[in-house]
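*Asks:* Put together the whole structure using the sequences plus the hints.
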Amino acid sequence: MFKVKYFEIIRTTAVILIALAIAFLIISLVSDHPVKTIGIFLLEPLNSKAHIGNVIEMAIPLMFTGLAVSLLFRANMFNLGAEGIFYFSGVVTSVLAIHLTLSGSLHPVVAILAGSIVGALLSAIPGILKAKWNANELVTSLMFNNILFGIGLYLLNYHLRDAKAFANVSYKFEKTAQLSKIFQGTRIHTGLIIVLVLIVAAHLFLYKTKWGYELRMTGVNREFARYSGMKTAKVIILVHLIAGFIAGMGGSVEVLGMYNRFQWTSLPGYGLDGALVAMLAKNNPLSVIASALFLAYIRIGADLMARLSDVPSEMISIIQAVIILLISAEQFLKFWKNRMLLKEAKNA
Amino acid sequence: MQTALLEMRGITKVYPNGVVANKDVHFSLREGEIHAIAGENGAGKSTLMKIMFGMEEPSDGEIVIKGEKVKLQSPQDAIDRGIGMVHQHFMLVPSFTVAENMVLGMEPRKGVGINYAEAVRMTEETARKYNLAVNPKAKVEDLTVGMKQKVEILKALLRGAKILILDEPTAVLTPQETEELFRELKQLREQGHTIVFISHKLKEVKAICDRITIMRGGGSEGVFETRDVSEQEISRLMVGRDVVLKYDKDQMAYGKPVLTVDQLEVNDPQGKALLSKISFSVRQGQIVGIAGVEGNGQTQLIEALTGGLHGVSSSGTVQVNGTDIREADILGIRKLGVSYIPEDRMRQGSAGEASISDNLISTRYRSKDMNKGVFLNGSRIASLAASLVEEFRVRCSGPAQPIGMLSGGNMQKVVVARECSTGPQLLIAEQPTRGVDIGAAQFIHQKLLELRSENCAVLLVSADLNEILEISDTLLVMYEGQIVAYFEEPSKVSEEELGLYMLGINRQDERQTGRAINHV
Numbered sequence: 090m091f092k093v094k095y096f097e098i099i100r101t102t103a104v105i106l107i108a109l110a111i112a113f114l115i116i117s118l119v120s121d122h123p124v125k126t127i128g129i130f131l132l133e134p135l136n137s138k139a140h141i142g143n144v145i146e147m148a149i150p151l152m153f154t155g156l157a158v159s160l161l162f163r164a165n166m167f168n169l170g171a172e173g174i175f176y177f178s179g180v181v182t183s184v185l186a187i188h189l190t191l192s193g194s195l196h197p198v199v200a201i202l203a204g205s206i207v208g209a210l211l212s213a214i215p216g217i218l219k220a221k222w223n224a225n226e227l228v229t230s231l232m233f234n235n236i237l238f239g240i241g242l243y244l245l246n247y248h249l250r251d252a253k254a255f256a257n258v259s260y261k262f263e264k265t266a267q268l269s270k271i272f273q274g275t276r277i278h279t280g281l282i283i284v285l286v287l288i289v290a291a292h293l294f295l296y297k298t299k300w301g302y303e304l305r306m307t308g309v310n311r312e313f314a315r316y317s318g319m320k321t322a323k324v325i326i327l328v329h330l331i332a333g334f335i336a337g338m339g340g341s342v343e344v345l346g347m348y349n350r351f352q353w354t355s356l357p358g359y360g361l362d363g364a365l366v367a368m369l370a371k372n373n374p375l376s377v378i379a380s381a382l383f384l385a386y387i388r389i390g391a392d393l394m395a396r397l398s399d400v401p402s403e404m405i406s407i408i409q410a411v412i413i414l415l416i417s418a419e420q421f422l423k424f425w426k427n428r429m430l431l432k433e434a435k436n437a
Numbered sequence: 002m003q004t005a006l007l008e009m010r011g012i013t014k015v016y017p018n019g020v021v022a023n024k025d026v027h028f029s030l031r032e033g034e035i036h037a038i039a040g041e042n043g044a045g046k047s048t049l050m051k052i053m054f055g056m057e058e059p060s061d062g063e064i065v066i067k068g069e070k071v072k073l074q075s076p077q078d079a080i081d082r083g084i085g086m087v088h089q090h091f092m093l094v095p096s097f098t099v100a101e102n103m104v105l106g107m108e109p110r111k112g113v114g115i116n117y118a119e120a121v122r123m124t125e126e127t128a129r130k131y132n133l134a135v136n137p138k139a140k141v142e143d144l145t146v147g148m149k150q151k152v153e154i155l156k157a158l159l160r161g162a163k164i165l166i167l168d169e170p171t172a173v174l175t176p177q178e179t180e181e182l183f184r185e186l187k188q189l190r191e192q193g194h195t196i197v198f199i200s201h202k203l204k205e206v207k208a209i210c211d212r213i214t215i216m217r218g219g220g221s222e223g224v225f226e227t228r229d230v231s232e233q234e235i236s237r238l239m240v241g242r243d244v245v246l247k248y249d250k251d252q253m254a255y256g257k258p259v260l261t262v263d264q265l266e267v268n269d270p271q272g273k274a275l276l277s278k279i280s281f282s283v284r285q286g287q288i289v290g291i292a293g294v295e296g297n298g299q300t301q302l303i304e305a306l307t308g309g310l311h312g313v314s315s316s317g318t319v320q321v322n323g324t325d326i327r328e329a330d331i332l333g334i335r336k337l338g339v340s341y342i343p344e345d346r347m348r349q350g351s352a353g354e355a356s357i358s359d360n361l362i363s364t365r366y367r368s369k370d371m372n373k374g375v376f377l378n379g380s381r382i383a384s385l386a387a388s389l390v391e392e393f394r395v396r397c398s399g400p401a402q403p404i405g406m407l408s409g410g411n412m413q414k415v416v417v418a419r420e421c422s423t424g425p426q427l428l429i430a431e432q433p434t435r436g437v438d439i440g441a442a443q444f445i446h447q448k449l450l451e452l453r454s455e456n457c458a459v460l461l462v463s464a465d466l467n468e469i470l471e472i473s474d475t476l477l478v479m480y481e482g483q484i485v486a487y488f489e490e491p492s493k494v495s496e497e498e499l500g501l502y503m504l505g506i507n508r509q510d511e512r513q514t515g516r517a518i519n520h521v
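Residue numbers (this note's numbering), protein chains in the order written: chain A, 90 to 437; chain B, 2 to 521.
Honestly, the hints are just simulated from the structure, not real lab data. For glycine and all other residues, C-beta sits at the position ideal for the given N, C-alpha and C. Warning: the hint list may mix true and false statements.
Said to hold, decoys possible - Partial chain B-side listing against chain A, Cβ under 10 Å, derived:
#, residue
1, 335
2, 347
3, 351
4, 367
Claimed, not checked - Under the rule of at most 27 Å between Cα atoms (straight-line distance), these lysine-lysine pairs were calculated in the DSS-like manner:
#, chain 1, residue 1, chain 2, residue 2
5, A, 432, B, 24
6, A, 426, B, 72
7, B, 336, A, 221
8, B, 369, A, 320
9, A, 299, B, 373
10, A, 320, B, 373
11, B, 70, A, 432
12, A, 297, B, 369
*Replies:* Laid out in structure tokens, this is it:
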């Protein structure tokens, strides 16, 4: 079984390489200076402290949502509600960042916790619907994304909007609410520490506690979990609460870490990206770090490419699409695995 | 030397999860013979047949039919070449009539509709031709298991099958129905059909087959003329050593009743009785067997004992050590010391992608000694898993291997290990050795007997008559949701006698069956 064990890793690597190869192919067709453009895409994100900072800044929200979605996927819940919750918790946190007056470090803590708890409660609704009435969580969570976006946008337009600003943005946050930067010359904020702690905690929870064990067993075979005496409905609601809490915290941290006003007039997309991160990470909390960094890296690469060359950053959507397509295509490289299995069987 | 009608050469099949189901198997079929494929379950018989019927593609090897190399990519390819298969679990539409099932997928048409009269005529014609009486207008759901099987056989014949594969055809039949099936098969042979008969019941193989291919561990152990080998030799080849199907049971003095079921009645939502007037008890150190043709209320009874009565209309009492469990949930029942080996180890008994170790702790991960503060006690779990794997002789690469990669027998050993090692007061074992090899079955039987000598009460539900007559201390027979017979010395009951009760032809009066319950 030695080689087969590494099959998933090899497969994921192959998928990423193929996606990059396709990107290069397209770049060389579109660009007048393909070699230079590819160089920008691959190397520029790592070229300066500011650019590395950009990659990490972008990876922070991806880690939050990637972690939330990983836990849901682990419980075999195909829930994509992280998107709406990320957005709405950002709104909730903004309200508190604008209207609350609290001294120093307490302000962001209160604002973020409030956003996280609201996220957890909102996420529990599809969870309860699933656990009690077996309502498809994919459908309910996607509908919730729309509802939450609508309510959030309403709040921004009619209650938070700063008339003096030139765009559709909220009033300025209190200075006390904003998260502090931790590396000079970048905008990397304390959210990085929070998310890394969360990821380690989630890893311990999932693999080392009885609740995590219940979650994993429910995900692999709910019937088996029930038969063993687990209350699977409770497990499903619990994982929704946790995932909603994490996704909500992600939105709150992002708002307070990166901006001084609330300014999302469309869904920022981090929730759906979280699903991609989770898939690349094979739903393993610790692997979420690497896969979020990778995704952030190619995104920043594409941004820089758009700014410094003649290829638009939409390029990157193609890479993403290819990755998703190949990762979810279970048959991809199957023949190779089968041949490997056959060889091992014959040697055994 | 006859030339082979069908030959499979060097067949190897590796499933994506790494299970090697067949390894370099050679198989050849002569025209007009009944050819048995015998082997323990998990020996690769079913996989080989699925390959022959085009349901699975071999990873390696070739199939030759009448000297011509063929690739069977779907059952349709196989049907086109005159191969038919009767599956262990019937592939019939219950709400359709026999005739409708017969023509499914090849319906005679009349305009846009189905020509039902023609379907009935075709069914009757085929039935007459092969002398297999069926009523074309009867609904399949109203038929007995034996009749359903007949419909399946006719279905294959109607599609022009010259080679008929029967997968464990007698597993669901009573002894009387089995005899009838054998008569029919012999008749088909006389008409020039070739039959592949998959079984692990040696008596049957000896009774009906001309030749036998014996499989073990995914490979072929050779092909023999049936009359040249004794049952003893066949079983030795199947298991790789001598088998004794007798167990030394010492007489036990039964203790107090652990499970008491009194006047239990359960109705389905439409008010139809699923179980009526069920009364029996299982005492410490006693194995009570429940025999019966599948579908006569055994499943409902087990559900009633394992938390399935929650929110279902029922009356009577079900007590474990004096506590009524009709309203209890699964966890509550398990906490009373009840263990349960479910019939379906894939659906209920295990989590396929999870490790053996994860599968072993699913009923005890809450307990104090499996936890250390908020965390699970990893080293305690590891040592428990390692010792259970060793004690139950689970063949695996280690406790971290996903259970789904194990063979059926080893997977079942994991389930049995989990349920037997928590010191249960009552063990409910539902078909504990179905689909496992003889070696594993023996081992599981021994474990049940061990628990019995440790004063555990055991309720054994099984369709395997041999097993139930040999293991049980007392035996109940269920028919249509009722207990129709009670025997105190099962080993003195013959399979034929049991068959009469299972079919509902005989039944004891209430005075006799009433002895099954032991009031405290």
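*Asks:* With reference to the structure, classify each hint as holding or not holding.
*Replies:* Results for each hint:
no., hint, result
1, 335, "holds, 5 Å"
2, 347, "holds, 9 Å"
3, 351, "holds, 6 Å"
4, 367, "holds, 6 Å"
5, 432/A - 24/B, "holds, 12 Å"
6, 426/A - 72/B, "holds, 22 Å"
7, 336/B - 221/A, "holds, 24 Å"
8, 369/B - 320/A, "holds, 19 Å"
9, 299/A - 373/B, "holds, 10 Å"
10, 320/A - 373/B, "holds, 22 Å"
11, 70/B - 432/A, "holds, 24 Å"
12, 297/A - 369/B, "holds, 15 Å"
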